[in-house]
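Top to bottom, those sequences are chains A and B.
Under this note's numbering, the letters of the first sequence match residues 1 to 280, in that order.
Under this note's numbering, the letters of the second sequence match residues 1 to 417, in that order.
FYI, nobody ran anything at the bench for these hints, they're computed from the structure.
For glycine and all other residues, C-beta sits at the position ideal for the given N, C-alpha and C.
Do not rely on the hints blindly, as some may be mistaken.
[To be verified] Residues of chain A placed beyond 12 Å of chain B at every Cβ, according to the derived structure:
#1 L26
#2 G84
#3 L88
#4 W101
#5 P123
#6 L125
#7 L214
#8 L227
#9 M262
#10 Y274
#11 Q278
[Claimed, not checked] Calculated lysine-lysine pairs in the DSBU-like style (CA-CA distance at most 35 Å, straight line):
#12 B:K246 to B:K230
#13 A:K219 to B:K40
#14 B:K407 to A:K219
#15 A:K219 to B:K230
[Unchecked claim] A short list of chain A residues far from chain B (calculated; beta carbon distances all over 12 Å):
#16 T33
#17 L44
#18 G128
#19 L142
#20 I198
#21 F248
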Amino acid sequence: MTRAPMLGRFRHGYVAPAVLLVAALLYAPFVWTAYLSLTRYDGLSSPEWIGPANFAELLGDPALLTSTRNTLIWVAGTMILPVGLGLLVAVLSYDIRGGAWFRVPFMLPYALSGAGLALVWSPVLSHGGIANALLGVDTAFLQEAPANTLAMLLVWTWQQVGVNTLLFVVGLQSIPREPVEAARLDGASGWRLFRHVIWPLMRPLTAVVVGLALVASLKTFDIVWVLTQGGPGRNSETLAVTMYKETFVASEYGYGSAVAVMLTVVTGLASYLYLRRQVR
Amino acid sequence: MIRSRMAALGVAALLLAACGGNGAGTQPRKKSELTLYNDKGAWTRFFDEMGALSKQRIGLGMKPTGYTDSAQYQAFIKASFRTDVKPDLFTWQTGGMLAEIVKQRQVADTTDIWQEAIKAGDLSQDLAPYYTIGGRQYCVPMNVAYWGMFYNKKIFDRHGLRPPATWDDLVRAAATLKNAGVTPFYHTSVLFSFVWFEQLMAGTDPDLYDRLSTGKAKYTDPGVVQVMEKWKELIDAGYFMNPGDKTDPGDVMKNGKAAMVSFGTWFNTSMTQRDLRAGADYGFFVIPNVNPALPKTSVIFESGPLCSLAKAPDPAASAKYLKWWTTAEAQEKWATTRGDVSANPKVTIEDEALGRITKEAGSGKYRLVNRYFEATPPPVLTAALDGFGKFVTEPGAYREVLETIQKEADEYWSTHQ
Numbered sequence: 001m002t003r004a005p006m007l008g009r010f011r012h013g014y015v016a017p018a019v020l021l022v023a024a025l026l027y028a029p030f031v032w033t034a035y036l037s038l039t040r041y042d043g044l045s046s047p048e049w050i051g052p053a054n055f056a057e058l059l060g061d062p063a064l065l066t067s068t069r070n071t072l073i074w075v076a077g078t079m080i081l082p083v084g085l086g087l088l089v090a091v092l093s094y095d096i097r098g099g100a101w102f103r104v105p106f107m108l109p110y111a112l113s114g115a116g117l118a119l120v121w122s123p124v125l126s127h128g129g130i131a132n133a134l135l136g137v138d139t140a141f142l143q144e145a146p147a148n149t150l151a152m153l154l155v156w157t158w159q160q161v162g163v164n165t166l167l168f169v170v171g172l173q174s175i176p177r178e179p180v181e182a183a184r185l186d187g188a189s190g191w192r193l194f195r196h197v198i199w200p201l202m203r204p205l206t207a208v209v210v211g212l213a214l215v216a217s218l219k220t221f222d223i224v225w226v227l228t229q230g231g232p233g234r235n236s237e238t239l240a241v242t243m244y245k246e247t248f249v250a251s252e253y254g255y256g257s258a259v260a261v262m263l264t265v266v267t268g269l270a271s272y273l274y275l276r277r278q279v280r
Numbered sequence: 001m002i003r004s005r006m007a008a009l010g011v012a013a014l015l016l017a018a019c020g021g022n023g024a025g026t027q028p029r030k031k032s033e034l035t036l037y038n039d040k041g042a043w044t045r046f047f048d049e050m051g052a053l054s055k056q057r058i059g060l061g062m063k064p065t066g067y068t069d070s071a072q073y074q075a076f077i078k079a080s081f082r083t084d085v086k087p088d089l090f091t092w093q094t095g096g097m098l099a100e101i102v103k104q105r106q107v108a109d110t111t112d113i114w115q116e117a118i119k120a121g122d123l124s125q126d127l128a129p130y131y132t133i134g135g136r137q138y139c140v141p142m143n144v145a146y147w148g149m150f151y152n153k154k155i156f157d158r159h160g161l162r163p164p165a166t167w168d169d170l171v172r173a174a175a176t177l178k179n180a181g182v183t184p185f186y187h188t189s190v191l192f193s194f195v196w197f198e199q200l201m202a203g204t205d206p207d208l209y210d211r212l213s214t215g216k217a218k219y220t221d222p223g224v225v226q227v228m229e230k231w232k233e234l235i236d237a238g239y240f241m242n243p244g245d246k247t248d249p250g251d252v253m254k255n256g257k258a259a260m261v262s263f264g265t266w267f268n269t270s271m272t273q274r275d276l277r278a279g280a281d282y283g284f285f286v287i288p289n290v291n292p293a294l295p296k297t298s299v300i301f302e303s304g305p306l307c308s309l310a311k312a313p314d315p316a317a318s319a320k321y322l323k324w325w326t327t328a329e330a331q332e333k334w335a336t337t338r339g340d341v342s343a344n345p346k347v348t349i350e351d352e353a354l355g356r357i358t359k360e361a362g363s364g365k366y367r368l369v370n371r372y373f374e375a376t377p378p379p380v381l382t383a384a385l386d387g388f389g390k391f392v393t394e395p396g397a398y399r400e401v402l403e404t405i406q407k408e409a410d411e412y413w414s415t416h417q
């Protein structure tokens with residue numbers, strides 16, 4: 001018996017459940033959101049078609065400028081801190097005795113959810129909180145922009161370094177030994193060995209880590225929502241927070257959907273451009 | 001062959017599951033226990049006690065499902081209008097939010113319940129306007145609250161202070177405390193950032209406050225600008241704690257981080273939960289008007305509704321529950337367990353200060369002003385809460401803040417007059 005006749009005419013049947021689920025749970029809501037972005041809708045009455053007016057308003061909205069700036073800080077900060085430090089910890093701990101134990105403390109915070117993380121850090125960053133007492137300063141870390149975004153970025157780093165370290169360690173373990181040893185024999189070591197041999201060999205994995213971090217940072221929401229709700233006065237809002245606030249707090253479902261569509265396009269485009277460059 | 005048939009069968013089953021309704025929504029079924037959805041997650045214990053009592057008295061149990069994020073809660077309730085998953089009972093907000101869902105014909109009419117309750121003396125006629133839309137009543141009062149100032153009595157005693165009779169007294173008390181190294185007032189940049197705005201507006205020009213909430217006045221009008229300048233003066237004088245302090249206001253009172261916290265009478269629940277004793281550890285006073293020439297002292301008032309849907313799973317059971325909720329027996333329990341005031345005038349309020357304000361408000365001594373949260377349409381409210389949040393951290397930006405709120409108000413009222 002061969003495989004082909006078994007698949008036969010019903011071969012599409014095998015993928016149909018997955019296709020149906022994806023269509024119903026992912027594509028349909030996206031199409032619906034895209035439609036809502038072209039309407040005025042309060043979540044109750046029927047959506048009223050207004051064409052691209054929401055997008056026109058969005059582009060002239062000063063709050064969008066702030067959330068775009070904050071989102072960019074999140075993206076850049078994520079690349080430097082959680083990803084950069086993750087790489088550093090991985091490289092420093094990879095080849096030493098007991099390195100795995102060294103990495104354990106970095107992994108522990110990853111067990112927290114984003115909302116839980118924010119709740120844990122709220123009394124630390126609060127004015128008159130633990131950080132003020134420890135540092136002997138009188139700063140409200142979550143008040144002024146962009147300091148509040150940077151403070152939240154440090155919290156995010158505390159949680160994310162571990163998982164990035166883990167991924168980079170996997171990358172380091174998958175590197176073939178031969179080219180590394182050959183380079184060592186040729187006298188390369190330290191920074192030169194890393195820069196010219198190890199780093200290029202790790203490139204496929206780096207692409208994945210950076211790609212994941214890029215998408216995660218573009219949609220930063222829970223930590224900001226719980227710690228500052230995007231405030232005070234919208235100064236720590238990210239695009240995802242703007243989307244949530246416009247939709248569910250202000251009941252401007254159409255406008256919120258326009259932010260969602262824009263965020264999707266930006267995330268999709270950034271991922272595409274980045275991955276195309278990396279996976280060539 | 002068998003495998004391909006199995007696959008086809010699997011697809012068919014999934015399709016059926018995806019497309020089929022449960023068919024239960026068409027025929028109301030008798031319920032013996034109702035689910036009460038609410039955005040007051042912290043009150044679950046009190047709702048549970050009410051459920052136990054109602055089961056005993058009217059044979060209808062009640063289980064609460066409490067949310068803590070009100071935006072998430074509202075989105076859930078709105079979504080339930082279009083699905084078969086409908087709450088038996090749910091809490092909501094009066095004002096524009098109630099009008100919005102009544103307009104969609106989603107809310108059960110409670111005119112009969114109101115008429116009977118007013119006749120029996122269980123509800124006051126004065127409360128009816130908050131629940132009346134197009135001449136009919138919807139929902140019943142879940143709670144009522146009067147706003148005033150909670151103060152740390154020990155701190156007041158230590159500095160020889162008494163509850164102020166005039167606005168100047170209040171400012172003098174703040175100055176005394178500040179000089180003694182005590183922070184006089186609590187305020188915050190998140191959610192309740194509107195509290196001092198509404199209080200100063202209502203105590204300065206309550207008519208302007210009312211016009212503002214109906215789009216007949218502008219946030220950039222001189223009267224509103226003056227109120228912001230007054231507020232800024234108080235902040236600049238150092239009378240407020242840092243809005244970046246995330247300490248729970250209940251703990252602020254308990255620890256004396258600030259001597260005074262302005263909230264609705266429901267804040268008394270936070271006091272009793274912390275084992276603080278009224279009259280010994282803390283007290284409550286009505287905030288005097290900023291403008292002494294006003295004929296009556298303005299008191300911020302709020303009432304949160306308990307509603308049921310026109311298409312509730314068992315409309316008769318939901319209506320029976322709402323009717324029971326308004327009775328003195330139910331309200332006595334509801335008010336006592338939380339240490340709060342009640343919408344039912346027959347209920348004796350244990351707390352002396354709260355009992356007094358309820359009685360005086362009922363006698364017409366105050367001008368009751370609808371709380372900003374209910375009085376303001378959601379999009380304008382969102383912009384205002386953000387704006388006041390910005391203002392308390394950056395008081396110099398008050399003009400810019402007012403302009404931003406007015407921009408949102410212009411947009412809203414251009415389509416909603």
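Could you work out which of the previously given hints the structure breaks and list their numbers from low to high? Hints 5, 6, 8, 15, 17, 18, 19, 21 are the ones this structure does not satisfy, whereas the remaining hints hold.
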